[in-house]
Every structure is written in C-alpha cells, then in structure tokens.
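Chains as they are written, first to last, in the numbering used here: chain L, 1 to 435; chain C, 1001 to 1281; chain H, 2001 to 2305.
Simulated from the structure, these hints should not be mistaken for lab results. Since this is a predicted model, take the numbers as computed values, not measurements. By construction, the Cβ of each residue, glycine as well, lies at the ideal position given by its N, Cα and C atoms. Some hints could be false.
Stretches of chain C that chain H covers, calculated by requiring three or more beta carbons in the stretch to come under 8 angstroms of a beta carbon on chain H [to be verified]: (1) 1068-1080; (2) 1250-1261.
Here are the computed lysine to aspartate or glutamate pairs in the EDC-like style, where the Cα-Cα straight-line distance is at most 16 angstroms [claimed, not checked]: (3) 287/L - 1044/C; (4) 181/L - 226/L; (5) 2075/H - 410/L; (6) 435/L - 2056/H; (7) 389/L - 2164/H; (8) 327/L - 61/L.
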Amino acid sequence: MKYKEICLVQAVLLSLLVVLLACPAHTAASEKIILKFSYAPFGFSADAERTFWSKYIKQFEKENPNIKVNMTWESWDNFHQKTHMAAETGRVPDLSYCSPATNMPIAARGLVLQVDDVIKALGGPQEFVESNLAPFQLDGKTYGVPNCDNNIVLAYRKDILKKFGFNAPPKTWDELVKIAKACTKNGVYGLGLFLGKTHDTRQVYEGMMWAAGGCEIEKNGDVVLDSPANLTALKFYTDLYLKHKVVPPSAVDWKYGDNANLIGSGQVAMTPIYGGYGTLIEEMFPKTYKEIGFIEMPSGPTGHSGSRSGVGAFFIFSKAQHPEEAKKFILFLSEPKIHKEWCVISGNVSPFKAIANDPELTKFEWYRAIARQSPNAVQPGFNYGPHAKGLDVINGLHVMAEPVVGVISEGFSPEESLKRAHKHYARIVEDARKK
Amino acid sequence: MTSYRRMIQILTQVLLFCGVLGVTVLLLFPAIVAFGTSFKPMGEIFTQTPTIFPHEPTLAAYKKIFCMPEFPRFLLNSFIISGLTALIVIIAALLAAYTLTFTRFPGKKFIRQMILMTYMFPAVTLVIPLYFFAHRLDLLDSYQILIFADLSFALPIAVWLMAGYFEKFPLELVKAARVDGCNPLQIIRHIIIPVMKPGITAAGIFSFILAWSEYLFSLTLTLTDESRTISAGMHYCLMGNYRTDYGLLTAASTIIVIPVVILFALLQKFIVGGLTEGSLK
Amino acid sequence: MQILIDTDSRKRRKAPGLFLLPGALLAPTLIIVFVVLLYPAACTIFFSLTDKTMADTTYSFIGLKNYSNLFSDPKFWMAFQHSIIFTLVAGSLNILLGFGTALLVNRAIPFRGLFRSLLLIPWVMPHIVTGLMFRWLYNDFYGYLNYLLIHAGLIEKPILFLVDRAFVWLAVILPTVWYEYPFVMLMFLAALQSISPDLYRAAKVDGANAFQQFLHITLPCLKQAFLLNGLLQIIFMFKSFNLVWILTQGGPGDRTELLSTLAYRHVFEGFSTGYGSAVATVIFLVLFAVSIVYLASPAIRSEEP
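Isolated chain L, as found in the complex (with noise of 0.2 angstroms):
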C-alpha cells in the first residue's frame, strides 16, 4: 500500500507538531515559590543597573531562602504594551515598574493592587516627596511605591561659556538666550534643543511651560493648552531655533541621548537634559566629564524654573500570584543603604524626603541640580490635574510636542500652532471620556 509511507511520515511530521504544542511550557518544578518580576530599564547605564539589581537579588534570596526573583528586563518600546496586554490576558508578573502613565489606567480599571500597607510600612505617605507620590493616587488610594525620580536641568560645558567670558550658567531665560548667542560660533551651537515629534521635545516644553506660569489641564478637567502663558513658552522655545539660531538644525532628528553625545564631544554649548545623564556621561566622556556642569533649568516669567518630572514606582496587579513576596522584596529595595546606591547608579533623585538631599548622594554635581530642581518638575497631567483618561494616548502621540513641530517643520504661526494643538489633545480627553 503506498499510503502506508505517506502516512508514516504524516504521522511522524504531525507527531512533532504535537510534541511541541504539548510539551509544557513551563516547568517550575522547584518547591520555592518565584517571584516573576518585570522591568525596563529605568536608570542611564545598563550595566551598572544589571550588576545592582543581580547583587541585591541574590541578597534578598540570601534572607529569603524560601523566594526565587526572577527579573525579565523589558524593552523600552514594548514594556508599556506588553504591560496592557498582561492586564488584559491575567497572565501578569508578580511585580512590575513603571512610570503612572503605565499603570495608572489599568489601576482605574480595578486591575491593580492597592499599596498602602507598603506606604505605611516605610513610614507613611508623609516621608515620600509629594509630587513623587501624588501621581500614583487615586480616590486617596495608592497603586504604586514610588522608587526613583528623575527631571530634566540644564547641562552646560564650563570650558565653552569660560572661553566667550561667562563664569556661571544661566539663570534666567534672558541670560540663557544671551550666552548661547555668544556660544554659536565655528559650527558649536550654544543650545541643543530637540524640535522634532519625539518624548524629548514635548518633556522640555511641558517644563517651560510650567515656568510660564501654563499647565495642560485644569483641577475640573478642562483642557487649558491654549493659554496666553503656554503661548508665551512655545515663543520662547521657537524663537530660539527661528530668530536666534542657537540650536543646530539636526535637532529637528534628534533621538533621546544624541545631545548627551553633541555636550560631550562639545559641538554644543548647553543643553537640557534629564539629570541622571550626569552617570552616563561620565562613563562615555570620560576625558571631558570634568568640565560638564549640571544646574537647574533657567527661570521663566513667572520666576521660578520648570522642569518635567520622570517618576518610577514599584506596583503590583491585583491577580499577582504572590503579593505577599513582591511586598517583601519592594521594602528589601526600600531600605536606605540600598537605595542610596540605586539612586547613584540608576542616575534618579530620592522620593524619600529623608534620603532625597543626603550628603552621600549630593556630593554628584548631577544630583545636587536634580534635587534642587525637584520642587519646580512637574508630571503633566498626573500632579496638576485630576487622573484624566486619555492621557496615555496624548502622551503616545507626543501631542504636546505638536506646538513646537507645527511651528519648525509645518510652517504654521505659534498661535495657529499651538490652536492647533489644543483641539487635539480635547479632542482625545473628550473621547476617552465618552467611553
């Protein structure tokens, strides 16, 4: 019979497709239980991040002997996705970390764990530093521990503003359009600005906007974008590409880190930049590190600076399969010696009031401007306003880069620009809304 063969081999093809559909696909036979923890990356410099946290897991085990970490590093690009995803399937970790543009929708949905008894164990929400801790609450309900924060200060090159007769940064933003005019000369630029639809563009203007006195969204929920003060900063922020011609024009193509790569090399002169560079740049330029100061961003009209505010926290999903460990191992990491060393290596200011100013850590130049900066660094949306929906999709799309791409790249006045932007974002928190 010739279809025995065919048969045969059907079978013998077939049998290995079964095979592996039903081999399991998870064998953890081991009698400790295992704490599935997931991360991207939050600090500067991978691999010193990567010998903290595998130093530290092994001494949490080490006093754990029961609890296995087992920590998968995410991708940047897919983490806030794959963390959706999770939520949707209850196929979730047993902790994750992230900033509340993350997991402060899924919270809403019911989806994650409530954390107060952490909060209360590391002394209570009056230790952490407000803006820190804000951005995790809902209904006066904590969903996340705060861990590090980070804002974006001005990095500037002490050699470069010594060579053209400045012996100290700018303070104010006349100061600062004066010292990079007198900067740009033979192919330097005297500020690296980002001017294209990217994380970076949008973080700097939302800063300057808070020092204009702005905000994106009022206490009620209205969108405010088109203020005369939010107007006012997209001038300033344009201004200084159109009419004062400080800023290379590449930066219309910038990535996150290429100004961290122009300050070092020093084709520019100044340029603002979350602070936790300060490791990296180190690392990368080592000859030049010297002679790159860090500060807080200049003052605006309103006289105080502004700055965006990176915050990241431990949180847990409420069908984590062991709460009770990822517990155990957020207030391991909360411990100050440890999370001193955190601070210093993933380049991020303290949200423990009592640790954020400790001499051990302001003694780094980076941190001492993060820290100051702090106070002035907001996290649009979540600290100034109510926890409106749509949100993560306005900060998805870069909507609040949109004012400044539409006045460098799209030809439209700053007014018209920033019009333009205002019925965007409405129009999303009016359909998130609806849903």
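Using the hints, position chains C and H against chain L.
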C-alpha cells in the same frame, strides 16, 4: 597563443576579483563601521574626525555581553528555535513543493498563491492578536509559539523556492519512477533529494536566517528569559530609554551575525551547483 | 509531460479521493501557515470594524466607520502615495542590486564562498543596528558620509540627510536597499544554479560570446525568478516598516509617513487598535489585489507548467 590566452584569462580573473572586492567593501561599509566600533573604547565612539578602526582597541563591549548571565541561554534558544524551524521547513516544503509541481488537482494554483498571504499583513499589527492566540493555547513564553510564528513566515518562501527548482527537474525521471510504482515519498527520497540539494539547502538557510534574526515575536510572545532568542535578548537589554550604547550594540550585532556567516560559508557549497565549475571543465 | 498527466489521471481514478494525496502532502504547510496566520489576521480585520482601544475589553461594533474616517483623512492618502512610490523605487533598486551581486558572485573567482557570505551580512544584521548605523553615518557632527563629502570637496556644509526634505527619501531608501538586496541576491543565486551548464556549453560551441549567453540563456531562464522576486518585493516594500521607523518615524513633519508607520502610530502610540487595524487591513487588501492581478497576468500564466 595558449599562453597569451592564459594571460588574458588570468587578467580577467584578477580584474573580476578586484571588482568583487571593491563592490563588497563598498556595500559592507556600514557593517565595517559597526565592526570597527565594537572594538572602540567609549570615548572614541563620537569624535569630530570619524575613524573606522579604533586607536586603542578594547574588548570591553564583548566582555560586558559575555558576562550577562542570560547570554548562553539566549544563544541556546536561538539555535534550538532556528534549527527546528529550518528542519520542519525543509520537510514540509519538500512535500508541498512536490505536490504543487508534480501532481494535478483543482485549486492548486490558488493554494500556491494563497500561501504568500502571510506576508500581506504588516507584522506589527499581527503581533498583538498572536499574543492573545498564544495565551489561549497556553503557549505564551514557549519555544513552540516562536517556532510556529517563524514557520509561518519561512515556509511560503521555501515552498516557492523549491517549487521553482522542481520545475526544472527532468520530468522523465519522475515519470519513470512512477511507472516503476514508486510512491511520492520514495520519489522525493531517492530521486529528488540527491539532485535538488542546492534548493533544499537554500530553503533551509533562508528559514534559519529568518528565525535567527526575527525579534518582534520573540520580544512580545515571551514573558521571561527562558525562551527568548538572542536577537530579542540583545534588543531589549541594549536599548535603554535614554541612549544607545553603540559599543554594546555593535558588539552584539557582530555576535549575532557571525554564526550565520559561518553557517552560510559552510553550507554555500551545496547551493553552488555546477554552473561555473561545469563550464570550466 | 503528456505521459505524466496521463499517469496522474489514471491514479486519480484509482485513488480513494481526488484530494487525498495532495491534501496529505500539503497538510503540514497549510496547517502551519494558515492556523498561525488566520487567527491574528481575522482579529485584525474584526478589530478594524470596532472602536477598540488598547487593553479595552468593552468595545463595540461600529461597522465601516473607521474606514470612512480613514478615507476622508488626507494624511492617509498622502501615506498611500508615499507607500506606492517607496515600493516602486526601493523594490526596483533591490532587484537590480540583488541581481547584479548575484551575477558577480556566481562567477568563478577566488574566495567566492567568502564573498557570498560577506555580502549576506546586511540581511542578517538586526534592523535596529542597521537603522542606528545609518543614522550615525548621516550625522552632521560626527557622521562618516558628511565627513567624506566635505573632504572630497563636494559640499561645503554638512547635508542634514534626515531633516532636509530633499534628501530624506534618499536617506530612507538607501538603508532599505542595503538591508534587502542580499535576500534578492540569494534568490537569484539559487535560480542561477538551476540553469543547466549544458546550455552554456552548447552556446559556447555555437560561438556565442559572454553577453549573448547572458541575453539568450541566463535572462530567459531567470524569468520565473524575476517574477517571483518582483512580487515578493512589492509585498515586502509596501509594508516595510522597521527601518523607516528607526530612521525618521515618518518625519520630518509627515514627509516619510508610510501606510505601515501610520498603522503603527495608531495602534501603538495612539492605542486605537480599531483605527490602526483598518490601516493594516487596507495594506492587506491592496497587496492581495495586486498579487491576484500579478499572478493572473499572461506573462506568468505562460510560465506555469
């Protein structure tokens, strides 16, 4: 006369060689830059006068990668997944290509066209539904789902490629075998495989490389490091939110590229049939 | 050929069912290709008819509203136009370069195996690395390309390849071709190997020179390969995404926005699964229609055995 001819022949060879060398260097310039960068110390990567090779070569980037505890696991996963993918592709594509070339049945052409449908959806929109599909089958974070995903992308090309070969196959041989009462499997085993090694190898290499360099599915459909491949592993651990470590990135890509180049260098002999050798004889 | 068909039809009469043999042999391929594909593809089409957003389990069916919104969006038509131009230009360049390199490394030269392997490297290089390497080459401060151009005296000021609207398409297509040509080269190389050396020997005896051999033997024998590569390039380039995204993210402004980047933008940045799926479905429908027309065209039909 003969020596004059010989001279011409040698000269053509040299010219041709130089031509190929030139084209290769030109085409590979970005890869050469990447390779050179992987040996640069941090401070040398961004300089105003760009260099290709470092002044002070260092293996720091490679050391960092080899010190990663997950690294061997990623490598093993990649070999298992790519190897199994190539194996299954070869078997399945042989059967399918044979059927689509040597038998007649209604709808044959339609099927042949339809298997290209896999490529017609953008992969980025398929990946989320595939995640939920894998979740329902409890296959998330497993080799199986990654192999299936790779297979669905490697098989159509392999089938078309092999079918293209089979069409050039001397039909008399198949015909004679059928008259002798051989069944399709016997024909494939004893007649087609020995002659069609180049096509089979090519299909195998295609699938291996596709599976080896695939990262989107591997990144999304895995939850832990247990089943992640090296391409995805490198991707997520090197791409921080804040910067690109060009040293690590280029070192990682060198590590990803080298096994494939070696594999291809070893196997390309089989792809190389007789054309040039034959004509020189 | 004639006899083959006869044996087939005889078998058909004897066989238990018309589809049994081919069905059995095709089953593994069809199962793998369609089971893995069908569910996600059906989901995408279904989502395109709903107002689903990411991680939203309470969505409703809204019929063709996503499509009508899409078709009235000028950005969609612009992206559509970009995609077509990109496909034609990048696709033809891929085939030209792939065919050229295949011919080169098909000749008997020393270290041929090595050259073949080396030319393959761009295809194996992870996209993310390719994209970032090219971003780096283009850079105005420390990039190699501007450095070379300036030192060769061709330009005075660095060209901003990714910012300048005149250059950005070139800057996007270059790496795409660089990444894709080895695939085409491999396909042609495999096809070149299947040409019987006897044909060339016979041509030599007849006194044909190398060019005549190329014209009358190589090209006709590669017709099938050209057609297949043409179709695959249309498909691959029309939904090409990774490199464009890494290089420009569709910018500056909307200058390099393709349908694929538009789909990604809506699904992953705007989290509107429904709307993004509608864009993906349009991509699918276009490619599906093109491939049906392509494969039904007379040029291809005549090639079918």
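Query raised in the report: Taking 8 angstroms as the C-beta cutoff, is the stated coverage of the region 1250-1261 of chain C by chain H satisfied by three or more residues?
Result: holds (count 7)
**Report entry** Holds or violated: residue 389/L to residue 2164/H, with C-alpha atoms at most 16 angstroms apart
**Finding:** Cα-Cα ~37 angstroms, so violated.
**Report entry** Given pair status - residue 1044/C, residue 287/L, alpha carbons within 16 angstroms
**Finding:** Within the cut-off at roughly 11 angstroms; holds.
Report task. Decide if the proposed pair is consistent with the structure: residue 2075/H and residue 410/L, CA atoms, cutoff 16 angstroms inclusive. Result -> This hinted pair holds, its Cα atoms lying about 14 angstroms apart.
Requested in this report: Mind checking the alpha carbons of residue 181/L and residue 226/L for me, to see if they're no more than 16 angstroms apart?
Outcome: Status violated; Cα separation ~29 angstroms.
Query - Cβ contact check, 8 angstroms cutoff: the region 1068-1080 of chain C against chain H, three residues minimum - result: violated (count 0)
Query raised in the report: Regarding the pair residue 327/L and residue 61/L, is the alpha-carbon distance no greater than 16 angstroms?
Result: holds (14 angstroms)
Requested in this report: Would you check the hint for residue 435/L and residue 2056/H, treating anything up to 16 angstroms between C-alpha atoms as holding?
Outcome: This hinted pair holds, its Cα atoms lying about 10 angstroms apart.
Hint compliance for this structure: hints 1, 4 and 7 are broken, all remaining hints hold.
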